[in-house]
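All chains, please: the whole structure from these sequences, using the hints.
Chains H and Z, in that order, give the protein sequences.
Here the numbering used here is used: the first residue of the first sequence is 1, the next is one more, and so on.
Here the numbering used here is used: the first residue of the second sequence is 115, the next is one more, and so on.
Read the hints as simulated data drawn from the structure, not as lab findings.
Idealized CB from N, CA, C, for every residue including glycine.
Some chain H residues near chain Z, calculated using beta-carbon distances under 8 angstroms:
hint	residue
1	43
2	102
3	106
Below, simulated DSS-like cross-link-like pairs (lysine-lysine); rule was C-alpha separation at most 25 angstroms, straight line:
hint	chain 1	residue 1	chain 2	residue 2
4	Z	221	Z	172
5	Z	221	Z	119
6	Z	182	Z	172
7	Z	172	Z	129
8	Z	119	H	42
9	Z	156	Z	119
10	Z	171	Z	185
11	Z	156	H	42
12	H	42	H	57
13	Z	156	Z	225
14	Z	156	H	57
15	Z	185	H	42
16	Z	156	H	78
17	Z	119	Z	182
18	Z	119	Z	172
19	Z	156	Z	129
20	H	57	Z	119
21	H	78	H	42
22	H	42	H	83
23	Z	221	H	42
24	H	57	H	78
25	Z	172	Z	225
26	Z	172	Z	185
27	H	42	Z	182
Restraint ranges, calculated between C-beta atoms of paired labels, are given here:
hint	chain 1	residue 1	chain 2	residue 2	range
28	Z	132	H	114	42 to 48 angstroms
29	H	112	Z	171	38 to 44 angstroms
30	H	5	Z	195	24 to 30 angstroms
31	H	63	Z	153	30 to 36 angstroms
32	Z	119	H	60	16 to 22 angstroms
33	Z	132	H	11	36 to 42 angstroms
34	Z	145	H	16	39 to 45 angstroms
35	Z	208	H	96	15 to 21 angstroms
36	H	98	Z	221	31 to 37 angstroms
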Amino acid sequence: EPEVTQTPSHQVTQMGQEVILRCVPISNHLYFYWYRQILGQKVEFLVSFYNNEISEKSEIFDDQFSVERPDGSNFTLKIRSTKLEDSAMYFCASKVGISTDTQYFGPGTRLTVL
Amino acid sequence: QQQVKQSPQSLIVQKGGISIINCAYENTAFDYFPWYQQFPGKGPALLIAIRPDVSEKKEGRFTISFNKSAKQFSLHIMDSQPGDSATYFCAASPPSAYQLIWGAGTKLIIKP
Numbered sequence: 001e002p003e004v005t006q007t008p009s010h011q012v013t014q015m016g017q018e019v020i021l022r023c024v025p026i027s028n029h030l031y032f033y034w035y036r037q038i039l040g041q042k043v044e045f046l047v048s049f050y051n052n053e054i055s056e057k058s059e060i061f062d063d064q065f066s067v068e069r070p071d072g073s074n075f076t077l078k079i080r081s082t083k084l085e086d087s088a089m090y091f092c093a094s095k096v097g098i099s100t101d102t103q104y105f106g107p108g109t110r111l112t113v114l
Numbered sequence: 115q116q117q118v119k120q121s122p123q124s125l126i127v128q129k130g131g132i133s134i135i136n137c138a139y140e141n142t143a144f145d146y147f148p149w150y151q152q153f154p155g156k157g158p159a160l161l162i163a164i165r166p167d168v169s170e171k172k173e174g175r176f177t178i179s180f181n182k183s184a185k186q187f188s189l190h191i192m193d194s195q196p197g198d199s200a201t202y203f204c205a206a207s208p209p210s211a212y213q214l215i216w217g218a219g220t221k222l223i224i225k226p
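Here it is in structure tokens:
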């Protein structure tokens with residue numbers, strides 16, 4: 001069964017450094033998402049992406065965040081200057097189309113900012 | 115208006131018992147209500163979902179009950195098994211919106 005994959009599984013970085021989290025959505029999916037989950041807390045929506053542009057973003061997704069689909073398979077989340085409070089699990093998700101509800105999640109990247 | 119409130123925060127159920135997790139929402143425009151199951155170290159996985167045009171949906175041991183007038187929906191796990199031990203999240207989405215709005219999660223432990 002096709003899966004969403006994410007790399008790396010764990011990223012440790014120093015405060016102020018840039019990080020790029022990578023995702024490979026399911027191949028025929030058109031809608032892509034990033035969510036984050038601070039340890040022990042709820043899942044929070046960051047951004048959705050369709051047709052090579054952001055379709056919706058939350059208040060969390062400020063100027064320090066950006067997303068890109070650099071090629072036909074990868075979907076990346078960049079944090080320009082990490083802060084301690086960016087430490088969380090970051091999940092990528094994808095779905096087939098707007099009329100299809102099910103979002104399929106990757107296993108997540110644990111980001112630790114020191 | 116955009117919140118989804120989930121309870122309880124944690125739940126311990128004996129094997130074979132019924133696990134019940136509740137969620138309430140405020141925005142009457144929400145039209146899609148999924149439940150996700152998350153095991154430690156894994157991403158959330160869709161368990162079952164419902165739209166407000168039906169009051170109940172059953173898939174195997176998992177049932178969603180939906181009360182549109184009360185703006186509440188719940189997950190029932192019948193004959194709960196130790197393998198059901200996980201964190202369960204309810205979520206909701208308004209029409210034509212891309213994001214899911216999540217509840218706080220319920221950590222379910224099934225005791226053998």
